[in-house]
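Chains as they are written, first to last, in full-length UniProt numbering: chain Y, 1 to 202; chain C, 1 to 238; chain F, 1 to 946.
Source of the hints: derived by calculation from the structure; they are not laboratory data.
Careful, some of the hints might be misleading.
Unchecked claim - DSS-like mimics (lysine-lysine), calculated; alpha carbons at most 30 Å apart, straight line:
1. F:228 <-> F:211
2. C:119 <-> Y:131
3. F:556 <-> F:719
4. F:140 <-> F:199
5. F:473 <-> C:126
6. F:199 <-> F:211
7. F:140 <-> F:714
8. F:21 <-> F:844
9. F:714 <-> F:678
10. F:678 <-> F:569
11. F:473 <-> C:119
12. C:119 <-> F:140
13. F:163 <-> F:228
14. F:199 <-> F:133
15. C:126 <-> F:844
As the list claims (entries may be wrong) - Here are the in silico distance ranges between beta carbons for each label pair:
16. F:312 <-> C:184: 36 to 42 Å
17. Y:168 <-> F:312: 35 to 41 Å
18. Y:26 <-> C:116: 56 to 62 Å
19. F:15 <-> Y:115: 50 to 56 Å
20. C:143 <-> Y:108: 33 to 39 Å
21. F:15 <-> Y:167: 42 to 48 Å
22. C:32 <-> Y:165: 31 to 37 Å
23. F:312 <-> C:143: 34 to 40 Å
24. C:143 <-> F:898: 46 to 52 Å
All of these numbers come straight from a predicted model, not from anything done at the bench.
Backbone N, C-alpha and C fix where the C-beta goes; we use that ideal spot for every residue, glycine too.
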Amino acid sequence: MSIKYGLLALLERGQAYGYQLRASFEESTGSTWPLNIGQVYTTLSRLERDGLVQALGENPQGQRPYEITMAGRAALATWFATPVGDTERPRDELAIKLALALSTPGVDITTVVQTQRTASVRALQEYTRLKNRATGGDDISWLLIIDAMIFRVEAEVRWLDHCEASLLRHQRTRQETSTAETEVPDQAPEAVPTSTGETTPR
Amino acid sequence: MTVLELRDVHRTHGAGEAMVHALRGVSIAVQPGELVAVMGPSGSGKSTLLNLAGGLDGPTGGEVFVEGTAISQLSRRSLAALRRRAIGYVFQDLNLLPSLTAIENVALPLELDGMSVRKARAVAAKALDDVAISELALRFPDEMSGGQQQRVAIARAVVGERRLVLADEPTGALDSQTGESVLRLLRARCDAGAAGVLVTHDARHAGWADRVIFLRDGLVVDASGPLPEAEGLLEAAS
Amino acid sequence: MSMSGIRLALRIARRDAQRTKGRSILVICLLAFPVVAIALGATLYDRFELTTEERLDRDLGTSDAAVMWQYDGLIEQEPDNQWLGGYPPQTDGPYVEPPAHVFGADPVAELTAILPAGSRVVPYSSGEGLAVKTPSGIGKIDWVAFDAADPIAEGMYEILDGKTPAAKDEVLLSSAAADRLGLDVGDSVELTEPARSLKVTGLVEDPNALKGEYMIGGAETFPGAATKFLVDAPGPISWDQVTALNAKGVVVYSRAVSLDPPTIDTPWSYVDDGASAETVSLIATVAGMVVLELVLLAGPAFAISAKRRSREYALLSANGATAAQVRRTVLSGGLVLGSIAAITGVVLGALLATIAIPFIEPMIGQRAGGIRFLIAFTGPLALLAVLTGVLAALVPAFTVARQNVIEALTGRRGVTKSRKRWVVIGISMIALGGLVGVGGAYSGTEMLLVGAAALAQFGLVMCTPAIVGAISKLGRFLPLSPRIALRDAGRNRASTSPAISAVMAVVAGAIAISAFAVAERSRYNDNFGTNLPQGTVMANVEMWPGYDQQTGATLKLPADAEQQLTEAKAATEALMRQHYPVSDIHEVVYASCVQEAGMREDCQVTAVMPPERTCPYSDQQFLTDEQMAEAVDNRYCKANTTDWAWSSADLAPGVLVADGNLLGILSNGEGQDLANAKAVLDAGGVVVQDPDYIVDGKVTVALRTTDYNSEVPKSTDLKTVTVPGYAMTTGSLRQNIFVAGPGALDGLETEQETKFLMALTSRMPTDEEEERFTAAFDTSGINHDFPGAPGEGGTLQVYVDVVKQDSGITPDTIMIWVLAGIAGVVALGATAMATGLAAAEGRKDLGTLAAVGAAPGVRRLLSLCQSGVISLLGAFLGVLAGLGAMFAVVWTLNVQFGRYYPREPLFPVEVPWPVLLVALVVIPVIAMLGAGLFTRSRLPVERRAV
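Only chain Y is shown next, with the shape it has when bound in the complex (with noise of 0.2 Å):
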């Protein structure tokens, strides 16, 4: 997503300055995005130029509204009906990361995606805290933000669960492989737990 967007988005509600924009932004976003003014001005410019905002008359206490124009609705209304593709978002650094460890030679992939898992859990509970702290019905907008990254995280936890399994397994018919190659029968597997060993008290 870009700031441009959030921007028209804002300006849709009414004509805004700078520094309101900067404001509702945060407010909205649950102060997950910080802007810097400098960016909110650069932006402004930009989309006047392309016609999707005009700056009105300078008010007396010496600021500066802009207020969307019909272009620039238009351009808010087609940015809303697109869903967002996969292209646009930002290349994972983490499965690039996972998928070199994996054939860097020195480095225990396990450790890694633990590392990582313990990370992402942290984050979890850091955005539950602050959900939590959250109170009142009021904040919904920033609700809804905190919860899109707590469902991200999960989701990221969750592939962390998935790649540790894949890899445990596909250690294991490795380690198979090998064993019945090199004659070495006595090397059984490691026991598997099964379910059935789990009482679940109901």
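Based on these hints, arrange chains C and F on the given structure of chain Y.
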């Protein structure tokens, strides 16, 4: 004082060829005010751990301490007494006795402990009030929604002076909103000084905990330490 | 429906039966139990009900016929003449008995002459009551004169030990007689009249009379005319030959004719009109009740199994099974279990019968016939068991087939609501039952009563779920465990109500029947009882003049008669004192009319009822229905069957002369009342029971003759005397016994004679004492005729009897306890089953309880409470229903007995406390203890490493 401590706990089921190691040397300590989440795939030993913590199961090795008492030293009778005085359980479903009303369910551990019916009900009424469902006091479980039942279960888990709450997938049968309110209650209980253990396979639920422990094949493979009061996370997420 | 559909349903049912073994076995036991009982009974009956061949072998041995020459002249007989009787031909004229046949010197030759050529005839005779010495005195045994060594005897008697007698003073002794006399082969039987000694050469048994005490000897040993003859003919004796013999006055019991009887029309032959419609409907009702009971018992097991597997059935539905297919699966369960129960029951019943027969034979004194099984009866019985199984599965089947698939799959537990419709129907049935019962009571139709009971019972069964539901609401005020138990019972009404109904039905039945038995017993005691102290020995002393054999004129008593009477009394008194624990002997003296010729017969001394208080029917012997109705309503008609002396140990009606002391014993009176009575006696007055005899403090006593030859019997008072009178208000003096004080009857010309010697005892005499006394008394010669001089003669007779009221264990009491036992077993079974089912249902709850910190004992306590709820509720409802039914029956009968005159004692309303105790206390306690004992105290989630 440590409310719950598992010291190098082993638990095997069966014998010989069919022997299965559910837990092999797990050590955990839970302090008052702390909520610890236990995560792991199916068969990792999560539920066994919870049963051991609640004294429903005994370890084959190591020792479990609840409020400083080694539970393997206790008779079944004393264990039962420990459960009704010190430990509160919340399960995924079927938490409540269908023959008892909400308030009777909450009063159950107190009544089992010999408190008079009248007094137990008064205490239970307070507990129901704490989970904001005092208006359902005279309903039977059949007449309540899943979320309401789970609230009653939590009220029962914490009623009286109990300081250890054990929850096994308490949100399992609930939708995510209702589930979240149940976790919020649990969290609030721990913030008020109880020690909690939450078994879940869902990272999102584990997020409510102060610490998260990963189990795999009966071993702790990973543990997130206590959460520092850090505010730098926001930058990390951008 | 396709074959494969049935097979699928049966397969699922079979697998389920295997998977839930405990419950399946329970259901099988329930269904099989009555089958076992009935099959056992039927097989026993069948085995002891001999076939014709078996009977012929026992009656005739190997002979072809038994014959008896009854008359000289034509007679008729039944073809299967097993009692060997004949009847003169029916004519329109008056009954004329043909002359009896009198044999000449050689009866055998006489018979051989008229029998088919080549026949061999063996005489047989028997008699009773030969006096022999027994270990404790003198006893009597029977005798048979018959050549037991003859091959013809094979089958009639079995020689158990020793050999057949060869000499005149040798006999075979029946094993029962040998046991009683304490003799064995080689010993001797000592006869006393006349004294002779017979050597026992062997022991013998008659398969038809194992208990018979007899000797078998030759014709020389026991001489006398043969009673019948066994015939060994060259060929079978046909019906034609039988009728030919009948023409000569000979009756025949022919083997060939009995095996293949001709169809003839005989007016006297016993007509078996088959089972009447009433009997059939009675049996149908009883069978219906039994099936209902079974369905109630087995139903919950199916219900619970269906409920536990409701998810499975929902999956079947979700995968496209129709409601009918699901229903069929559940019904198949009933079919499978019912079939197993049927086969097990029949086989087990037959097996038990085979085991039981050797023990039963000596009890009923008969050997059983050959091994056989009553297929014609057990077959339908087995079918009934299968049907019951299917019936028990019927309701669950329909419930399950109708269930909401979504609810079942998501595992939501719905609350069973009792259907209002059921309650309405139930109450209507009870009401209808009540109406029918009243109808039955007034019309005296037993069938209607049984139907009413069945209706009311069904109605109660239908109301049970609602009652259980209502009662479970009371749980609020109970402690934890009973509260949970009660609410569980209410929630799982589908399974608890049938169990409660089952307990109710069986308790109700037991209560009703035993209550009636108690009432019957106490009515019997009212009627035939006596108020004399138990254990008193009464000797009734009688002497009467003889009759001249030729003229029929009454003889005079010999001059020494009085002397003999006094001696007899003294001898009797001495014997009583010798053999009984006698504390005191009183002579009970009656006043009678002075003996004059022809006077004594119809003269009696009696108190006179004032005419205005006399019952108009007092002298009449037979009353019409209208007269009875009038008499019943007349307050002065007091005749009551309880007033009659029913045994020789009972005081006869009349005026007896006694002092105050004896009055106390006879009347059982007490306190001031007795003191008043004694005062009146001492003052020369008369004590009565009925105050109506007293006019202005006086009683009139009369010598009264009654002429029974007139149309209406007419009484005339010859002479009267009026003396002070007193009517007792306490005690139990009978209203027809009047006690006169010394001198009270001086104004009348009466004789006073001792009719009874009343020996008061310190305790109830034992049977042994009685036997010893009887032996001594019988040989004492007290009872005798005295011929005296010509024209004189008489008889002196003393009867001695012990006042003994049936008390303690009488057959009725045994029956009540047996009933209570059956009710107990069934109730316990139902309770145990329902408790088990409730426990299975509540397993999850126990897990929760454990987690919450219930001590291990709570599980036990919970089971205990659950069985308590079920058994108590069932017993309570059963007691209500049973007592209700009993009141209905007693009331019905009293309405009928109330119409009789002389009045009969009515049925008292008596509660059968033993059964009540068993139902309300013993069963619940045992059920609860059992539940407590058999419930593991470990909670299901608890598990610990060793």
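Hint-by-hint comparison with the structure:
no. : hint                        : verdict
1   : F:228 <-> F:211             : holds, 23 Å
2   : C:119 <-> Y:131             : violated, 38 Å
3   : F:556 <-> F:719             : holds, 26 Å
4   : F:140 <-> F:199             : holds, 17 Å
5   : F:473 <-> C:126             : holds, 25 Å
6   : F:199 <-> F:211             : holds, 21 Å
7   : F:140 <-> F:714             : violated, 47 Å
8   : F:21 <-> F:844              : holds, 20 Å
9   : F:714 <-> F:678             : violated, 34 Å
10  : F:678 <-> F:569             : holds, 27 Å
11  : F:473 <-> C:119             : holds, 22 Å
12  : C:119 <-> F:140             : violated, 83 Å
13  : F:163 <-> F:228             : holds, 24 Å
14  : F:199 <-> F:133             : holds, 14 Å
15  : C:126 <-> F:844             : holds, 27 Å
16  : F:312 <-> C:184: 36 to 42 Å : holds, 38 Å
17  : Y:168 <-> F:312: 35 to 41 Å : holds, 37 Å
18  : Y:26 <-> C:116: 56 to 62 Å  : holds, 57 Å
19  : F:15 <-> Y:115: 50 to 56 Å  : holds, 52 Å
20  : C:143 <-> Y:108: 33 to 39 Å : violated, 55 Å
21  : F:15 <-> Y:167: 42 to 48 Å  : holds, 43 Å
22  : C:32 <-> Y:165: 31 to 37 Å  : holds, 35 Å
23  : F:312 <-> C:143: 34 to 40 Å : violated, 27 Å
24  : C:143 <-> F:898: 46 to 52 Å : violated, 58 Å
The structure fails to meet hints 2, 7, 9, 12, 20, 23 and 24 from the earlier list, while all remaining hints are met.
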